[in-house]
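Engineer: Now for the letters of each chain:
4 protein chains.
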Amino acid sequence: MTNLTLASVRTIVDKALAYAHEKSFKPIGVVVVDARGAVRMTVVEDNTALLRAEIAHGKAYGCVAVGVGGRMLQKFAVERPHFITALGGLTHDRLTPVPGGVLIRDGSGALIGAVGISGDTSDNDELAAVAGIEAAGFKADTGA
Amino acid sequence: MTNLTLASVRTIVDKALAYAHEKSFKPIGVVVVDARGAVRMTVVEDNTALLRAEIAHGKAYGCVAVGVGGRMLQKFAVERPHFITALGGLTHDRLTPVPGGVLIRDGSGALIGAVGISGDTSDNDELAAVAGIEAAGFKADTGA
Amino acid sequence: MTNLTLASVRTIVDKALAYAHEKSFKPIGVVVVDARGAVRMTVVEDNTALLRAEIAHGKAYGCVAVGVGGRMLQKFAVERPHFITALGGLTHDRLTPVPGGVLIRDGSGALIGAVGISGDTSDNDELAAVAGIEAAGFKADTGA
Amino acid sequence: MTNLTLASVRTIVDKALAYAHEKSFKPIGVVVVDARGAVRMTVVEDNTALLRAEIAHGKAYGCVAVGVGGRMLQKFAVERPHFITALGGLTHDRLTPVPGGVLIRDGSGALIGAVGISGDTSDNDELAAVAGIEAAGFKADTGA
Chain A
1 MTNLTLASVR
11 TIVDKALAYA
21 HEKSFKPIGV
31 VVVDARGAVR
41 MTVVEDNTAL
51 LRAEIAHGKA
61 YGCVAVGVGG
71 RMLQKFAVER
81 PHFITALGGL
91 THDRLTPVPG
101 GVLIRDGSGA
111 LIGAVGISGD
121 TSDNDELAAV
131 AGIEAAGFKA
141 DTGA
Chain B
1 MTNLTLASVR
11 TIVDKALAYA
21 HEKSFKPIGV
31 VVVDARGAVR
41 MTVVEDNTAL
51 LRAEIAHGKA
61 YGCVAVGVGG
71 RMLQKFAVER
81 PHFITALGGL
91 THDRLTPVPG
101 GVLIRDGSGA
111 LIGAVGISGD
121 TSDNDELAAV
131 AGIEAAGFKA
141 DTGA
Chain C
1 MTNLTLASVR
11 TIVDKALAYA
21 HEKSFKPIGV
31 VVVDARGAVR
41 MTVVEDNTAL
51 LRAEIAHGKA
61 YGCVAVGVGG
71 RMLQKFAVER
81 PHFITALGGL
91 THDRLTPVPG
101 GVLIRDGSGA
111 LIGAVGISGD
121 TSDNDELAAV
131 AGIEAAGFKA
141 DTGA
Chain D
1 MTNLTLASVR
11 TIVDKALAYA
21 HEKSFKPIGV
31 VVVDARGAVR
41 MTVVEDNTAL
51 LRAEIAHGKA
61 YGCVAVGVGG
71 RMLQKFAVER
81 PHFITALGGL
91 THDRLTPVPG
101 GVLIRDGSGA
111 LIGAVGISGD
121 TSDNDELAAV
131 AGIEAAGFKA
141 DTGA
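Residue numbers (full-length UniProt numbering), protein chains in the order written: chain A, 1 to 144; chain B, 1 to 144; chain C, 1 to 144; chain D, 1 to 144.
Bound conformation, chain A alone:
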């Protein structure tokens, strides 16, 4: 597995935040987990809701937990809600099955982590996550 270094994680977070600022998104929270589902970095902007970090974490962790992007998790939720309910329990309630959770893949397509962003619309959250991942030289897998 390609190691996801903290240096790369910092680039992802910085570029995602820069994208959000450029597009004048609402203040966001950004979480990056590695292939083990371990948090490597979290940044939560000023004037955000109490649970912003947890919501963003549930997007990132949920994607790595199941191995698919957040858009696919949302599709599961609509088509087979009982499956997503089960996954919620299996992840100990650390699952936010909506867009804005994006897998990080290396050049060979291997899963090396995920980004979760929350604060603006789910679609915009996802755009910022993709921008961060691509700026760091990786491939973004939104689950679309």
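Because the hints were derived from the structure by calculation, they are not lab data. A quick note: this is a predicted structure, and the numbers were derived from the prediction, not measured. Among these hints, one or two may not hold up.
Stated by the list, open to error - The calculated label-pair distances, taken between Cβ atoms and stated as ranges, are:
(1) Gly107/B / Gly89/A: 50 to 58 Å
(2) Arg80/C / His82/A: 38 to 46 Å
(3) Ala7/B / Gly89/C: 32 to 40 Å
Claimed, not checked - If the Cβ cut is set under 10 Å, some of the chain B residues that face chain A in the computed set are:
(4) Val64
(5) Arg80
(6) Phe83
(7) Leu87
(8) Leu90
No residue lacks a Cβ here, since even glycine has one placed at the ideal position from N, Cα and C.
Given the structure of chain A, go ahead and fit chains B, C and D onto it with the hints provided.
Structural biologist: Using the frame of chain A, we list chains B, C and D on its own:
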């Protein structure tokens, strides 16, 4: 952030109860949490259901956790039920996504807490919460 | 069972707070539950820790859950820690087995609720709870 | 209450990491929460254990939850283990009661957040947290 003092909290609770009595609502439970999501005051009237305090708490806490009023949480629940299910888990099941949870905002619009009321219809619960918040000189944000 | 009315609960809380102020205790949180373990009233003073309400609740609820005062729960904890660990699980982690949780008994000795106070030393928390219960005309059972 | 801005949080994290590098500590995880107990920033270095973020988070969150530094939580754990077990439950198992959790206080002494660091010895973790807090112009309260 404006501190929500106990003195203000007492005014909110007293005035919400006074409104409910004036309108002959069924007996209610009232919970006020501050911007940290910490309970500052709870009052549950006689002859109420076993879980009245928890239901009211889930309204107040859920609003602060997500940063929106209960009416918006109910909208989320109808439009994206999987998102509200996820929020239920992320709040450790302390979420009641229906009207009657109302954000308390100060003069600048900053979020300083929330009121949750349960016992009568959700619409009436909300009216009592708004009455209490406004009587204390704050702005009520129902999420409408 | 004697009903524990909200009127009595208010007297207990007011007198417990008055006692704490008279003795210059640190700011406290006070929770009263009835014989069902249902919260009837909570008041948390200004400048208290994030979890003050939960700690006080765990004292009150734990006493009613097991039917003994907090001082007895602490004795259990010292003599049979595995039993208190089990009770923690059985109460869904709503147990604070230290002094400051005091049973409310009516004239016939029947259990009608409990008070939990947290904020100063456990011994002082207990004194305030006893003062409130006795001022309302009930008997305080500390588990001593 | 003084707001803990992300700008200040970044300074705390950067300076804590710089201190750890200067002293050749093992790789660490750093978490900063605000007065609400909400995560504002997490950074976990390369080559750290799977649960490094959670351990550091439990130090920071636990301190804010109870309102004391990690060294005091450890004292509680030694003198009254049942109380710390209870706090573990009340925090939904988000409590690491050892040194390395340090309260952030503003000039007036008000609690505005906490830092949790894990990775080297608890004593060294604490030194890095203090270095970060003081470099940002705040007072560090270790609970000693």
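Engineer: Against this structure, judge whether each hint is valid.
Structural biologist: Hint-by-hint comparison with the structure:
| no. | hint | verdict |
| --- | --- | --- |
| 1 | Gly107/B / Gly89/A: 50 to 58 Å | violated, 43 Å |
| 2 | Arg80/C / His82/A: 38 to 46 Å | holds, 42 Å |
| 3 | Ala7/B / Gly89/C: 32 to 40 Å | holds, 39 Å |
| 4 | Val64 | holds, 5 Å |
| 5 | Arg80 | holds, 7 Å |
| 6 | Phe83 | holds, 6 Å |
| 7 | Leu87 | holds, 7 Å |
| 8 | Leu90 | holds, 5 Å |
Hint violations for this structure: number 1 only, all remaining hints satisfied.
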